[in-house]
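Respectively, the protein sequence lines represent chains A and B.
According to the UniProt record's numbering, the first sequence holds residues 1 to 574 in order.
According to the UniProt record's numbering, the second sequence holds residues 1 to 574 in order.
Hints are supplied without guarantee of correctness; some may be wrong.
Pairs count within a copy or across copies, as identical chains cannot be separated in the list.
What the hints assert, rightly or not - Once the Cα atoms are required to be at most 20 Å apart in a straight line, the calculated EDC-like pairs of lysine to aspartate or glutamate come out as:
1) LYS573 / ASP562
2) LYS140 / GLU155
3) LYS257 / ASP220
4) LYS444 / ASP38
5) LYS511 / GLU104
6) LYS258 / GLU150
7) LYS574 / ASP562
8) LYS337 / GLU228
9) LYS64 / GLU481
10) LYS28 / GLU328
11) LYS573 / GLU186
12) LYS140 / GLU150
13) LYS28 / GLU104
14) LYS81 / GLU228
15) LYS444 / GLU243
16) LYS284 / ASP413
17) LYS338 / ASP220
18) LYS496 / GLU481
19) LYS327 / GLU159
20) LYS140 / GLU445
21) LYS338 / GLU243
22) LYS407 / GLU118
23) LYS338 / GLU500
24) LYS28 / ASP426
Don't read these hints as lab results, they were simulated from the structure.
Only a predicted model underlies this, so the values are computations on that prediction, with no experimental measurement involved.
Protein chains: 2
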Amino acid sequence: MAYTHHNNELNLAHLGQTVRLKGWVARKRNLGGLIFIDLRDRFGITQLLVQPGHPSYELASTLKSEYVIAITGVVIERESKNPNMATGDIEVNIEELVVLNTAETPPIGISNEDTALEDTRLKYRYLDLRRPVMQNFMIKRAQITQAVREALLLEGFNEFETPILGKSTPEGARDFLVPSRLYAGEFYALPQSPQIYKQLYMVAGFEKYFQIARCFRDEDLRADRQLEFTQVDIETSFLTELEIQSMIERVLAHTFKKVLNVEIKLPIERMPFDRAMSLYGSDKPDLRFGLLLKDLNPLFDHYAIPFLANKSIRGFVVPNGAHLSRKELDAFTTTVKKNHGDALAFLKVSNHELSGSLLKNITDPKQFIESAGLVENDLLLVIAGKDFESASKAAGALRKELGDYLKLASDDDYRFVWIVDWPLFDVNEDGSLTAAHHPFTSPKEADKPLLFSNPQACRAQAYDIVLNGYELGGGSVRIHESHIQQQMFEAIGLSKEIIEERFGFLVGALKYGTPPHGGLALGLDRLVMLMTNTKNIKDVIAFPKTQSARDLMMQAPSSVADAQLEELNLIIKK
Amino acid sequence: MAYTHHNNELNLAHLGQTVRLKGWVARKRNLGGLIFIDLRDRFGITQLLVQPGHPSYELASTLKSEYVIAITGVVIERESKNPNMATGDIEVNIEELVVLNTAETPPIGISNEDTALEDTRLKYRYLDLRRPVMQNFMIKRAQITQAVREALLLEGFNEFETPILGKSTPEGARDFLVPSRLYAGEFYALPQSPQIYKQLYMVAGFEKYFQIARCFRDEDLRADRQLEFTQVDIETSFLTELEIQSMIERVLAHTFKKVLNVEIKLPIERMPFDRAMSLYGSDKPDLRFGLLLKDLNPLFDHYAIPFLANKSIRGFVVPNGAHLSRKELDAFTTTVKKNHGDALAFLKVSNHELSGSLLKNITDPKQFIESAGLVENDLLLVIAGKDFESASKAAGALRKELGDYLKLASDDDYRFVWIVDWPLFDVNEDGSLTAAHHPFTSPKEADKPLLFSNPQACRAQAYDIVLNGYELGGGSVRIHESHIQQQMFEAIGLSKEIIEERFGFLVGALKYGTPPHGGLALGLDRLVMLMTNTKNIKDVIAFPKTQSARDLMMQAPSSVADAQLEELNLIIKK
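If we strip away everything but chain A, and leave its shape as in the complex, we get (with noise of 0.2 Å):
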């Protein structure tokens, strides 16, 4: 017989129905002789009940937390109903009960207040994913992940497959390796995206390609980054950068509406890369609260103060920032070294007197006050680099820390924005030029031939689109020319040798005809971690490694047999 409900759906107007339902024992209680049981699954909670001398009573009696079951019974309206549950206003009374399968006493608790350490709960992650959050956070991850796929599709788009035995190009991050057995010493390599590949299908012809695509970097591992990770792989052929972000905007709105009833408002703010470093000290600014930078060095200039001599001095005032104690402010100057910037001091105005670190320094506080534009209970932070990008790093750090310690920001407030016009390549110490977005990104229309001239003055068709501080995913117009790819990997530094070895079929394919092509990858996992407000990526994958990158659950990676290297042709160093 077939279940007939999920355990959330029954209420009064199913009165004096019988049903059958399923799932795990998450509470047992006798009162007064009755046996309640709270039956879960990935719905609700339902109350049962066995009344004492039902043929069923004495099995269950013997039921514990987690064992699996299966009931037939009669809806009942409860006498002390649970307005917070709902099923509250109902409770089961079973006729048939049958014990699907038995269980141990779990490891960890299954429920939100659980404790366990994170090592625990990854061992047993099967059990951790049984906790209602957990169950949401997966929950959520399908239905983001449908809803942009689903606003994909309305635009238009196809989902494409692409390989994920691949060739390893060492640029940027490192490749994970997968050694061939058919050809002794060589490798195939996990991707790290499907740049390539997306490009290719642009240059075949199909124009509008997505993918939910798995991507692989073999680094040391962050607080917020995994092994592999899932990307919303977009590329379209014909449109102008601008064109590209309308539609990714529309397949944001659609997501946020469709998933969290969150309307967010259209066209996107659009922040030249160089005005975000200058207001916010930031490539990925928070737009939620203000505090934004400025240029200090005219303010301290005439005061001769030495640790701030030679320096660029950027800062920013905090409004009703002067309760901040010293001691509180001081923490902060780790946030500051941690980011380039050299020192951090503060000036603040209380009863309308200057006090704080530099007083000793300024000669004329009233005047000063007046210079720097503060009122009443300000906080001005003041922080020096040794240039201009270092201090106004520092100083955006410091601006976000901020933020988050005097709760500025709701988590409940969405402020997108995208940040375009950036430069092409960033500059080594040595002189030399790699690539800031990928070497596939295209210069300015304008620009092109500044390439071949001044390559480092390029601005690129790029653009990342930032969430709350956060980066949710970048992306550009790429080169469609072959006499500008070709230059493009000379710029960084390829040898034609190398660039004929690990790009020719690149190369070569955009010589037969490839158009204008550009696109853009949206991190799932971050996405789905900002719209379910966790702070631990963890949180969002069902099965995620350790920061050490191990599967603490299938305990991998491990050794092999003898027999697999053998056939590999390979040896592990001693």
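We have chain A already, so just place chain B on it with the hints.
Okay, now just chain B, sitting in the frame of chain A:
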């Protein structure tokens, strides 16, 4: 300015409209001074026209095949219409022409008739994929995938992800290994299927899982195999074998209706494995034609035919098959021998006379015709093998080949069948057992005690879905009881230590309240092959490997830098 139409859209209803189109130059002709251009995109072709003297005329003269262009023009009626083209009633008179990219002469022709060698097609896959027939394969693949997904979402499933970097458990096929950089001498493995992860989703209570999952097997390639392939991976809790099958039937019916507008009659026939072997000599019978196998020992046993002595004799009647010549029939001997058969003989009835290779052994031809139930023009094929299974398989292979040879089956006829009631184990020559499906398959409920007493008599709760002689997918109800899983591993000869090392977490997981569960995996590549009527699996994969496991376009696998191997602590054996 945005593009207004695809190249399959314009017709007489658009006369006089100014349109903007883009695409590839498929053909250019100069007729009496007028330049005609066939403009192609993935949707179709529109004919363009440039008048002599027009400012764009000179530029139009320089166009070559596969140039990418954008045009603005006015829709006009054609003088000589082409009823075979969606846009054959009109042409577009060019007002503005922009060349978006040029093209060298492509190494393969961009037409369905191109006869380039497969290796050339694979090397220039981005051009091969421009051919309309290949575009159709890829678009159909995307549509089929999406239709399957849509059906599963309607059934209440969620699409969940599973890791690609997992653990090597050398059951069944060979694993691809991925060396770990952080743990010298240890490896991740790519999944042969997400089998265990999807079961863990059930343990975790998610109830309905699916994934369009990439799977990997390091096996020697056959014509219809690739190193990586895609399966529609499905798992569900609390359903019986029959309920799972019904759900899959609805998914298939939805997909065939949506993509091909073909109605599949439900329920799909269910045929026990034994019956399939007996009537069709195959566990994946093609039901589009008859030629049912018979047991011929009763017929031949009283003739003393030396080469049939002590053999199992099977065969089938081909109505109106008497016209097949001895030469044609002799050619089929190879098929019989290749499929474990020992001999092929035949008898036919023409002009009411028996003839054929066995005639000299038949002492009473008239009586034989009657006993065998033959009628005029019948051909009786006689296959001998060392036992029932060998003779049946050989006869089944011959049946299939003859069906193809005589064109008894239509490509548009979709005949599904479930093969059910499989044995749980295969018996090896040495008497040891291996799991016929995989070691997570549950015995039939009634056979569970046999697992401990007489395992090889166990039948499995396993089922294959077969379409037109191809296995489209296979599945089973899984073992959800820990002690049954432990016994199953022991029955296939795994020691307690190996069980603990490889599957300890699974045997453990089943102890904490695992629901009954089961599922199925559909081979997506094969499904697309069958639905697009191609015989070459590479046709439905955008970037396939060759049969010798190489990517000819990117040149993978390839050697890697010494530094990469150094980091992985590996040495290549010389």
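Quick rundown of the hints versus the structure:
Within a single copy, LYS573 and ASP562 get their C-alpha atoms as close as 13 Å, and across copies as close as 13 Å, so both meet the 20 Å cut-off. Proximity of LYS140 and GLU155 under a CA criterion of 20 Å is satisfied inter-copy only: 18 Å between copies versus 22 Å inside one chain copy. For a Cα distance limit of 20 Å, the shortest separation of LYS257 from ASP220 qualifies neither inside one copy, at 36 Å, nor across copies, at 48 Å. When the C-alpha separation of LYS444 and ASP38 is checked against a cutoff of 20 Å, the pair qualifies neither within a copy, at 62 Å, nor between copies, at 31 Å.
Taking the shortest alpha-carbon separations for LYS511 and GLU104, only the inter-copy value of 6 Å comes in at or below 20 Å, while the best intra-copy value is 65 Å. Taking the closest pair of Cα atoms, LYS258 and GLU150 come within 20 Å of each other both inside a single copy (10 Å) and across two copies (17 Å). With identical chains, the CA atoms of LYS574 and ASP562 are at most 20 Å apart both within one copy (14 Å) and between copies (17 Å). With identical chains, the CA atoms of LYS337 and GLU228 are never at most 20 Å apart, being 31 Å at best within one copy and 48 Å at best between copies.
For a Cα distance limit of 20 Å, the shortest separation of LYS64 from GLU481 across copies, 16 Å, qualifies, whereas the shortest one inside one copy, 68 Å, does not. Taking the shortest alpha-carbon separations for LYS28 and GLU328, neither the intra-copy value of 49 Å nor the inter-copy value of 75 Å comes in at or below 20 Å. In this homomeric assembly, LYS573 and GLU186 come within 20 Å of each other (Cα to Cα) both inside a single copy, at 18 Å, and across copies, at 12 Å. Taking the shortest alpha-carbon separations for LYS140 and GLU150, both the intra-copy value of 15 Å and the inter-copy value of 18 Å come in at or below 20 Å.
Taking identical chains as interchangeable, the C-alpha atoms of LYS28 and GLU104 lie at most 20 Å apart only when both belong to the same chain, with a minimum of 15 Å there against 76 Å between chains. For a Cα distance limit of 20 Å, the shortest separation of LYS81 from GLU228 qualifies neither inside one copy, at 47 Å, nor across copies, at 55 Å. In this assembly of identical chains, LYS444 and GLU243 lie within 20 Å of each other by CA distance solely inside one copy; the values are 15 Å within and 58 Å between copies. For the identical chains of this complex, LYS284 and ASP413 are intra-copy neighbours only, at 16 Å inside a copy versus 57 Å across copies, given an alpha-carbon limit of 20 Å.
For the identical chains of this complex, LYS338 and ASP220 are intra-copy neighbours only, at 19 Å inside a copy versus 53 Å across copies, given an alpha-carbon limit of 20 Å. Proximity of LYS496 and GLU481 under a CA criterion of 20 Å is satisfied intra-copy only: 17 Å inside one chain copy versus 62 Å between copies. Taking CA atoms no more than 20 Å apart as the test, LYS327 paired with GLU159 passes in neither setting, with 55 Å inside one copy and 50 Å between copies. Proximity of LYS140 and GLU445 under a CA criterion of 20 Å is satisfied in neither setting, with 41 Å inside one chain copy and 36 Å between copies.
Taking CA atoms no more than 20 Å apart as the test, LYS338 paired with GLU243 passes in neither setting, with 38 Å inside one copy and 59 Å between copies. In this assembly of identical chains, LYS407 and GLU118 lie within 20 Å of each other by CA distance neither inside one copy nor across copies; the values are 27 Å within and 62 Å between. Taking the shortest Cα distances, LYS338 and GLU500 never come within 20 Å of each other, neither inside one copy (41 Å) nor across copies (46 Å). In this assembly of identical chains, the alpha carbons of LYS28 and ASP426 never lie at most 20 Å apart, being 63 Å within a copy and 44 Å across copies at closest.
Checked against the numbered hints above, the structure breaks hints 3, 4, 8, 10, 14, 19, 20, 21, 22, 23, 24 and satisfies the rest.
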